[in-house]
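Here's the letter readout for the chains.
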Amino acid sequence: MDTSRSYLEPSSFSKKIAAAIIIIYTVITLIPISWMVMTSFKNVDSAISYPPEVLFEPSLEGYVNLFTNRSRQSPEYLDSLPPPKNWYEELVRSREMVITGPSKFLGRYSNSMIIGFGSTFASVFLGALAAYAFSRFRVPLKDDLLFFILSTRMFPPIAVAVPIFIMYRKLGLGDTHLGMIILYTVVNLSLAVWLLKGFMDEIPKEYEEAAMIDGYSRLQAFFKVVLPQAMTGIAATAIFCMIFSWNEYAFAVLLTQFNAQTAPPFIPTIIGEGGLDWPAIGAGTTLFLLPVMIFTIILRKHLLRGITFGAVRK
Amino acid sequence: MSQIKITNLQKSFGDFTAVKNSNLTINDKEFFVLLGPSGCGKTTTLRMIAGLELPTSGEIYLGEEEVGMLRASERDIAFVFQLFALYPHMNVRNNLSFPLKMQGYKRSDIKLRVEEAAKLLRIDHILNSNISSLSGGDRQRVALGRALVRRPKAFLMDEPLGTLDAEFRELMCLELKKLHLDIGATTVYVTHDQLEAMSLADRIAVMDGGEILQADEPNIIYNKPKTKFVASFIGSPGMNFFEIDEGISKDQSFVNIEGTKFNIPKQLEESKGNKNFFGIRPENLTLSNNEGLKGSVYGVEYLGSRKIITIKTSLGEIKVKTDISVNIKLKENVQVKPLNNNIIIFDGETDKSLNSEFIQ
Numbered sequence: 268m269d270t271s272r273s274y275l276e277p278s279s280f281s282k283k284i285a286a287a288i289i290i291i292y293t294v295i296t297l298i299p300i301s302w303m304v305m306t307s308f309k310n311v312d313s314a315i316s317y318p319p320e321v322l323f324e325p326s327l328e329g330y331v332n333l334f335t336n337r338s339r340q341s342p343e344y345l346d347s348l349p350p351p352k353n354w355y356e357e358l359v360r361s362r363e364m365v366i367t368g369p370s371k372f373l374g375r376y377s378n379s380m381i382i383g384f385g386s387t388f389a390s391v392f393l394g395a396l397a398a399y400a401f402s403r404f405r406v407p408l409k410d411d412l413l414f415f416i417l418s419t420r421m422f423p424p425i426a427v428a429v430p431i432f433i434m435y436r437k438l439g440l441g442d443t444h445l446g447m448i449i450l451y452t453v454v455n456l457s458l459a460v461w462l463l464k465g466f467m468d469e470i471p472k473e474y475e476e477a478a479m480i481d482g483y484s485r486l487q488a489f490f491k492v493v494l495p496q497a498m499t500g501i502a503a504t505a506i507f508c509m510i511f512s513w514n515e516y517a518f519a520v521l522l523t524q525f526n527a528q529t530a531p532p533f534i535p536t537i538i539g540e541g542g543l544d545w546p547a548i549g550a551g552t553t554l555f556l557l558p559v560m561i562f563t564i565i566l567r568k569h570l571l572r573g574i575t576f577g578a579v580r581k
Numbered sequence: 011m012s013q014i015k016i017t018n019l020q021k022s023f024g025d026f027t028a029v030k031n032s033n034l035t036i037n038d039k040e041f042f043v044l045l046g047p048s049g050c051g052k053t054t055t056l057r058m059i060a061g062l063e064l065p066t067s068g069e070i071y072l073g074e075e076e077v078g079m080l081r082a083s084e085r086d087i088a089f090v091f092q093l094f095a096l097y098p099h100m101n102v103r104n105n106l107s108f109p110l111k112m113q114g115y116k117r118s119d120i121k122l123r124v125e126e127a128a129k130l131l132r133i134d135h136i137l138n139s140n141i142s143s144l145s146g147g148d149r150q151r152v153a154l155g156r157a158l159v160r161r162p163k164a165f166l167m168d169e170p171l172g173t174l175d176a177e178f179r180e181l182m183c184l185e186l187k188k189l190h191l192d193i194g195a196t197t198v199y200v201t202h203d204q205l206e207a208m209s210l211a212d213r214i215a216v217m218d219g220g221e222i223l224q225a226d227e228p229n230i231i232y233n234k235p236k237t238k239f240v241a242s243f244i245g246s247p248g249m250n251f252f253e254i255d256e257g258i259s260k261d262q263s264f265v266n267i268e269g270t271k272f273n274i275p276k277q278l279e280e281s282k283g284n285k286n287f288f289g290i291r292p293e294n295l296t297l298s299n300n301e302g303l304k305g306s307v308y309g310v311e312y313l314g315s316r317k318i319i320t321i322k323t324s325l326g327e328i329k330v331k332t333d334i335s336v337n338i339k340l341k342e343n344v345q346v347k348p349l350n351n352n353i354i355i356f357d358g359e360t361d362k363s364l365n366s367e368f369i370q
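Protein chains in written order, with our numbering: chain A, 268 to 581; chain B, 11 to 370.
These aren't lab readings, by the way, just hints derived from the structure by calculation. In this text, all values refer to a predicted model and were calculated from it rather than measured experimentally. Watch out, some of these pointers could steer you wrong.
Stated by the list, open to error - With a cut-off of at most 27 Å between alpha-carbon atoms, the simulated DSS-like pairs for lysine-lysine come out as follows:
1) K116/B - K491/A
2) K491/A - K285/B
3) K39/B - K491/A
4) K163/B - K472/A
5) K271/B - K30/B
6) K472/A - K30/B
7) K163/B - K39/B
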């Protein structure tokens with residue numbers, strides 16, 4: 268019998284099984300995403316060709332279509348125009364169209380950025396303060412308050428869509444960045460408070476006591492000593508908040524039309540313009556995926572530690 | 011450096027009173043130890059002096075100033091925590107300069123002071139290390155250094171050696187004592203370890219149940235305990251007690267315990283009730299062949315230079331500390347008698363020692 272390995276370590280066979288399961292899962296998950304990325308680099312014809320093309324000639328048509336508004340013109344009119352000034356104009360002309368201006372995508376995309384990061388920052392900041400208070404002070408009715416905060420998560424947020432819609436109209440918050448940031452912050456806050464409270468509880472109170480003895484006020488101690496140590500929790504919480512506010516669709520459709528419309532309600536509208544423009548949709552969703560992906564990759568070290576944090580007492 | 015004085019200090023958490031009506035004066039430059047079992051209120055007292063807890067009532071004077079209700083940051087004291095509480099996201103140098111930065115010192119001054127403290131504690135070679143890479147002893151030194159750099163009015167230490175292993179604790183004890191002699195700072199030190207207390211303290215206050223029972227020099231605490239609790243808590247093993255079924259009157263110089271007559275120091279005070287206790291330290295008892303209390307040997311512990319013999323008698327178990335050369339076997343029948351007149355009578359009703367020629 269092989270006694271060289273630890274009794275608790277999984278056998279090499281079960282390790283292989285585990286690896287196989289992980290690989291299969293990864294492939295299954297990655298297929299739609301890679302298909303989406305591939306579609307974004309196809310031209311309109313190869314995107315809808317049957318059987319589907321796995322190998323194709325890459326084209327930036329999807330991205331050009333995503334960022335521009337175009338109109339179809341007669342060949343005579345196109346001939347009368349001066350030669351195209353750049354590659355994307357040439358690409359559009361080859362489809363018998365001319366660029367009439369930039370599309371709304373960039374605006375919607377930056378709305379998503381402002382609202383996504385804004386509400387994530389606000390949720391984490393307010394959540395950290397509230398979590399700290401719940402963790403350290405004798406708050407009257409603490410357990411009831413925590414339950415109350417959690418209870419806002421016990422129904423799907425869209426259940427309160429109608430009252431919020433009316434409230435926002437009266438308050439003039441409809442279709443504003445501020446309105447959307449407030450809304451997403453409120454929805455995320457309960458999660459942030461609960462997640463962060465767990466992390467704050469794990470930080471010994473001696474740290475801020477030491478800082479207070481060293482001459483710092485409680486708030487200074489919170490920023491200089493507690494927050495840096497809660498980084499793990501903050502990163503994990505930020506990712507969850509970011510994913511929610513970045514992906515949120517229903518409220519965005521309901522409450523935003525022009526000023527503050529985010530990318531999720533905008534991307535499907537591409538479908539309607541001149542037939543199913545799959546490469547443009549692919550391009551839109553690929554670009555839409557990027558920020559959350561980058562954000563998660565930057566914070567992933569913290570995320571893993573964050574999820575397992577507190578499982579074993581140091 | 012300053013004197014610390016607490017008067018009528020009280021702290022309650024809801025129904026529970028952690029510290030009861032305490033009065034204490036800690037002299038300037040004194041190494042003062044608060045000693046007691048866990049939950050006796052010693053840490054709460056220390057935290058009130060530090061400003062980490064606010065007293066329910068009473069005053070705390072730091073020098074001339076009444077600081078009872080001031081925030082910790084406004085008191086100019088340093089605190090060393092049991093778990094050190096070094097900031098893990100900073101290196102040693104930043105940990106040491108953290109308190110100075112708040113006070114707005116110049117960068118060059120901070121550097122100078124940090125290096126001076128580091129040199130004193132012999133941690134100058136690890137100034138740029140991370141906290142997580144340090145050993146327990148080095149962490150302890152950094153924690154002390156962080157307290158030192160500020161040159162505060164007083165040092166407060168909450169079981170700072172509690173997490174170190176026994177061997178290292180002894181070494182750090184010596185270092186702490188030396189450090190105290192070098193810088194002469196008023197120090198209040200909390201511990202439940204009587205050996206630590208005995209070896210470090212100029213004076214010790216023994217606490218139990220939120221009350222300060224006695225505050226005295228270590229040898230007085232040991233030899234002349236004012237209450238039965240102090241007598242049993244201090245010393246390893248603690249004092250032996252025999253119940254006396256009679257009242258003690260003034261000028262009495264002997265007692266009868268279950269038919270055996272024992273001489274006691276001449277009493278200067280009479281007892282309140284008819285049940286009192288005869289207290290004697292194990293080293294003040296000796297084995298005898300022909301007189302004293304009869305019993306049989308129940309246990310023998312070797313302590314290197316001394317032996318502790320447990321004897322079962324009609325009065326219960328008695329511990330005797332003898333010379334190592336005494337040759338005795340388990341279950342042997344022996345007699346025990348007092349070696350000298352270092353005997354204390356404790357009043358059964360108040361648990362306090364009765365004044366006598368030995369203890370006043």
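To see whether the hints hold, each was checked on the structure:
no.: 1; hint: K116/B - K491/A; result: 20 Å, holds
no.: 2; hint: K491/A - K285/B; result: 60 Å, violated
no.: 3; hint: K39/B - K491/A; result: 33 Å, violated
no.: 4; hint: K163/B - K472/A; result: 24 Å, holds
no.: 5; hint: K271/B - K30/B; result: 40 Å, violated
no.: 6; hint: K472/A - K30/B; result: 25 Å, holds
no.: 7; hint: K163/B - K39/B; result: 10 Å, holds
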